[in-house]
Amino acid sequence: MVFEDIVFAPILLPLLGAALVITAKAFLQGRPMKILEYIGAFVGLGLPWLSFALTLPAVTSGRVFQGVIGNWHASVGITYQFDGLAWLVNVLTYSVCSAAWLYSLGSGPRGPAFTSVFLILTASLSATIMTSDIFNLFVCLEVVGISSYILVASTDKPGASLASFTYLMISASAMVFFLLGVYGLYRVTGSLSYQGIAQGLKALPDGGGMTAVISLALIISSTVIRVAVMPFSGWLPDAHALAPHAVSAVLSGVLIKVPLFALSRILLIMPVGAQAGQLLGWAGALTALIGVILALSQADAKRLLAYHSVSQIGYVVCAWGIALYVGITTSKGAALMTAAFLHAFYHALFKGLLFLSVGTTVDRAGERNVYRLRGAAAILRSCGERIPVTLLTYLAGALAISAVPPFNGFISKNAISYALEGTPLYYLLFAAGIGTVASFIKLSRIYWPDRSRKEIPVPAVPVPLTSKISQGGLALLCLGGGILASRIHSLVMLLLSGTRAEYLIQWYSAGALLKTGAVIALGTGVYLLTTTGIIARVLKVIREQPGDFRGLYISFSIGTALLAGWMLLHL
Amino acid sequence: MKQKAINVLTIISLASVTLVLLPLFLENSPWPLSARNYLELHGVGDSGAINLVSAIYLGFRVFDTLGETIVLLTAVSGTIGVLTRAGAVLAEGYDTSGTPALTEQEKKVIMDDHTFTLAGEKRRSHALRTHLLEVVTGVLGPVVLLFGFYLMLYGHLSPGGGFQGGVVTASGIIFLALGNRIGAKNPLIRASVLDRIEAAAFLLLILASLSGILMGRGFFGNPLQDVTAIPAGYIILLNGIIGLKVGAGIGFLCIAMVGREIS
Amino acid sequence: MIERILLLGMFLIGFWGIVSRKNLIKKIFGLNIINNSVVILFVLEGSRAGSSAPIMEQGISNIVDPVPQALMLTAIVIGVCISALALALAFRLYKATGTYNIQEIKRKVHNGF
Numbered sequence: 000m001v002f003e004d005i006v007f008a009p010i011l012l013p014l015l016g017a018a019l020v021i022t023a024k025a026f027l028q029g030r031p032m033k034i035l036e037y038i039g040a041f042v043g044l045g046l047p048w049l050s051f052a053l054t055l056p057a058v059t060s061g062r063v064f065q066g067v068i069g070n071w072h073a074s075v076g077i078t079y080q081f082d083g084l085a086w087l088v089n090v091l092t093y094s095v096c097s098a099a100w101l102y103s104l105g106s107g108p109r110g111p112a113f114t115s116v117f118l119i120l121t122a123s124l125s126a127t128i129m130t131s132d133i134f135n136l137f138v139c140l141e142v143v144g145i146s147s148y149i150l151v152a153s154t155d156k157p158g159a160s161l162a163s164f165t166y167l168m169i170s171a172s173a174m175v176f177f178l179l180g181v182y183g184l185y186r187v188t189g190s191l192s193y194q195g196i197a198q199g200l201k202a203l204p205d206g207g208g209m210t211a212v213i214s215l216a217l218i219i220s221s222t223v224i225r226v227a228v229m230p231f232s233g234w235l236p237d238a239h240a241l242a243p244h245a246v247s248a249v250l251s252g253v254l255i256k257v258p259l260f261a262l263s264r265i266l267l268i269m270p271v272g273a274q275a276g277q278l279l280g281w282a283g284a285l286t287a288l289i290g291v292i293l294a295l296s297q298a299d300a301k302r303l304l305a306y307h308s309v310s311q312i313g314y315v316v317c318a319w320g321i322a323l324y325v326g327i328t329t330s331k332g333a334a335l336m337t338a339a340f341l342h343a344f345y346h347a348l349f350k351g352l353l354f355l356s357v358g359t360t361v362d363r364a365g366e367r368n369v370y371r372l373r374g375a376a377a378i379l380r381s382c383g384e385r386i387p388v389t390l391l392t393y394l395a396g397a398l399a400i401s402a403v404p405p406f407n408g409f410i411s412k413n414a415i416s417y418a419l420e421g422t423p424l425y426y427l428l429f430a431a432g433i434g435t436v437a438s439f440i441k442l443s444r445i446y447w448p449d450r451s452r453k454e455i456p457v458p459a460v461p462v463p464l465t466s467k468i469s470q471g472g473l474a475l476l477c478l479g480g481g482i483l484a485s486r487i488h489s490l491v492m493l494l495l496s497g498t499r500a501e502y503l504i505q506w507y508s509a510g511a512l513l514k515t516g517a518v519i520a521l522g523t524g525v526y527l528l529t530t531t532g533i534i535a536r537v538l539k540v541i542r543e544q545p546g547d548f549r550g551l552y553i554s555f556s557i558g559t560a561l562l563a564g565w566m567l568l569h570l
Numbered sequence: 000m001k002q003k004a005i006n007v008l009t010i011i012s013l014a015s016v017t018l019v020l021l022p023l024f025l026e027n028s029p030w031p032l033s034a035r036n037y038l039e040l041h042g043v044g045d046s047g048a049i050n051l052v053s054a055i056y057l058g059f060r061v062f063d064t065l066g067e068t069i070v071l072l073t074a075v076s077g078t079i080g081v082l083t084r085a086g087a088v089l090a091e092g093y094d095t096s097g098t099p100a101l102t103e104q105e106k107k108v109i110m111d112d113h114t115f116t117l118a119g120e121k122r123r124s125h126a127l128r129t130h131l132l133e134v135v136t137g138v139l140g141p142v143v144l145l146f147g148f149y150l151m152l153y154g155h156l157s158p159g160g161g162f163q164g165g166v167v168t169a170s171g172i173i174f175l176a177l178g179n180r181i182g183a184k185n186p187l188i189r190a191s192v193l194d195r196i197e198a199a200a201f202l203l204l205i206l207a208s209l210s211g212i213l214m215g216r217g218f219f220g221n222p223l224q225d226v227t228a229i230p231a232g233y234i235i236l237l238n239g240i241i242g243l244k245v246g247a248g249i250g251f252l253c254i255a256m257v258g259r260e261i262s
Numbered sequence: 000m001i002e003r004i005l006l007l008g009m010f011l012i013g014f015w016g017i018v019s020r021k022n023l024i025k026k027i028f029g030l031n032i033i034n035n036s037v038v039i040l041f042v043l044e045g046s047r048a049g050s051s052a053p054i055m056e057q058g059i060s061n062i063v064d065p066v067p068q069a070l071m072l073t074a075i076v077i078g079v080c081i082s083a084l085a086l087a088l089a090f091r092l093y094k095a096t097g098t099y100n101i102q103e104i105k106r107k108v109h110n111g112f
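Quick note, the sequences are listed as chains A, B and C, same order.
Residue numbers 0 to 570, in numbering that gives the first Met the number 0, belong to the letters of the first sequence in order.
Residue numbers 0 to 262, in numbering that gives the first Met the number 0, belong to the letters of the second sequence in order.
Residue numbers 0 to 112, in numbering that gives the first Met the number 0, belong to the letters of the third sequence in order.
Hints may be right or wrong, so weigh each one.
[As the list claims (entries may be wrong)] Here are some chain A residues pointing at chain B (derived, C-beta under 10 Å):
(1) Leu55
(2) Ile149
(3) Ser153
(4) Gly564
Bear in mind the hints are in silico, worked out from the structure with no lab data behind them.
The beta-carbon is built from N, C-alpha and C at its ideal position, and this holds for glycine as well.
Please model the entire structure based on the sequences and the hints provided.
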């Protein structure tokens, strides 16, 4: 045993857990099977935390674990890299996945088949962020993909099957483009590791020329389709809204962020990566605003949350892209990258929480339409929640996403705002913040007391204890992220850029609080506007725009062409 | 009108794909030789396998192969799960709450005497089964299985390997199932047996990848380096495990897909 | 040159199939076609590096590049798995709605499933 091997724990332990669960399913039945399944889940989701604790001192001191898997020669073997970024993304993955699995125990989908696929998904997410080999990234993204298609379809609704099919088709086709990108890069450089490709391109007289740039553009756009930045986001709302609640939490919380940070490993060292980052940053800011407008127009509670995922990932991509553009070693770039990760992490926590708590609520109420559902608080009470855990945790999530102190969303959104102050992007994100407040006022109305209807239409199903625990845990993390803001922020900055924060942000300054107050006031105003006749009708028109399968491909191909053209311009 | 607009958009998207891909497909620079030259000189010495493709996918890049087998495992499990929900197959361990419950008799037919192995006249669709087919596949089945195992175990020396051998094994299993007469019970064509083989092979594969760590040789390090004199020992072991897993997985998938004929 | 242009043509046919055919099964065909065209391209181009198969028996030299072959082996298996899952999903949608036409399915799923 060598200490360095511990970095593989987040990949191997869930796989071992999955193998145990599959073995249990094949050989055992009844109670022993359940016990072995839980042991497998604990091995896969619990033990890796130990490895994070053990590797933290090393990564904070700036150590990077890297090498070739199996100690083969680096020209053919698969290189890996476990650094601060990988550590942070792993923590993000495991916090949401653990909570979501716990939630699934009470509310489904249950069973060893689900648990094994879930564990494989967790392992592949870890592998995605750790690899520094382009073909291995392809394989990891395929494993992430196939397990997520299955998880989306793991419910009885045919709508979920359609969503899963659409998601499968668009992302599998995108992976073919990715493979073409791998072909192009291998064709000009003869290597597959990120470092090898970057060095190979430098050694070429024209830097790889058109082929290299187009290959990079293909790789970027087919990875970004998983991240769901507009115009690549058309598949997301259906898949995230129709999946089981626990799966929605993981999809929205984790799955759309890990490929983004894995991509930053490539873009940081490739030519024209910075310019690609700039374009993506702008796309992200526009996504944040358009996503929130679409969210505001939705009637289905989970679909509204799904559009918020699009909008919030826009914030992350905006900060991330501009960080790549200005260079991650500059102090502004480091601040932006830190803000991007913080928002990704905090969004994972509060969006996971929102999906779980809203999921609990709509299940109990038997109604998902936010215009029709009222009095959900009373319904939850009648389902035996004497302490309104679900309501309180929903409130924590909603306040966090609306950037209300002292919750974590306030911190990460402000971190992005500070770093972008003075650019046009700042105003786009400011406008998106107003829309977020407005749409969460709209969503929160499902809990408002209902005077017209007294009796509860559906049989009261008690909220399982595991659901309460996982929602409560996530809510506490949301609160903790807000209270321990400075410490977490400086830790993330240290891990991402190797520098201690040079400037300490006064998180709860009068200015920031005043701005929050203004956003809330404006958001309330916007919400009141949307209830008026004309705007409500406009929103209805937006809502009833049919999503077209063909449109996904058209926007993918045109978006890819634009990205490639943009990168060729800056060659 | 709307249809026209959509067609124009389709053409635009095809045109942009062409524009982007044309330079990539026409790239004419000489193929880079660094990896090939390294492998030609050191590939056999490093891995012990004469077949360099095997040396790459079970040696240099074995982690990719692990991912690939996981994709296969997940796909089998997910496909069975989806089909179970559609009421097409019956599999244990999946949430079947949405499908209509089977009657006891149906269950008996499916679990005891797999409908795939029913004689032609007992099946709903007769088209696929003739006596000729039954006789020929029944005789060929064991031969195909043997060939599959040959491919698995000699993959490091000649064209072949775990995946290829596994797929051939799976077709052998399907042959056996097709050639099976009424009453004949071959355990290899029972979905539950194949499921078990696949699960056990996956567990073995994970343990084989972990064993290097336990012996201090790193993740996917060769644990057999000092144990056996055959340099390709680890590759043969992995080929065998992967072959079993792929054969059982694909065989399971095919048998489960054709299995349920009762509606 | 000509074979690469043909492969691009094959890719475009597959892409057109995915985009404009309404039948789910045909869309899956399209996915397979684009996947295969990339696989063939990669292996074909990799074989230009040499002349003999990469099996290092006595006296073999000037081999083709074995890396693309090993990579494409992985890509093929992944492609098969994705097709299997896609076909299963298509079958499930067919069972639920009675059609393979994606617009019909969308309409039926919207109205009350």
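For each hint, the structure was consulted:
1. Leu55: violated (20 Å)
2. Ile149: The hint holds - isoleucine 149(A) has a Cβ within 10 Å of chain B, the shortest such distance being about 3 Å.
3. Ser153: holds (7 Å)
4. Gly564: OK, holds: glycine 564(A) within 10 Å of chain B, min 9 Å.
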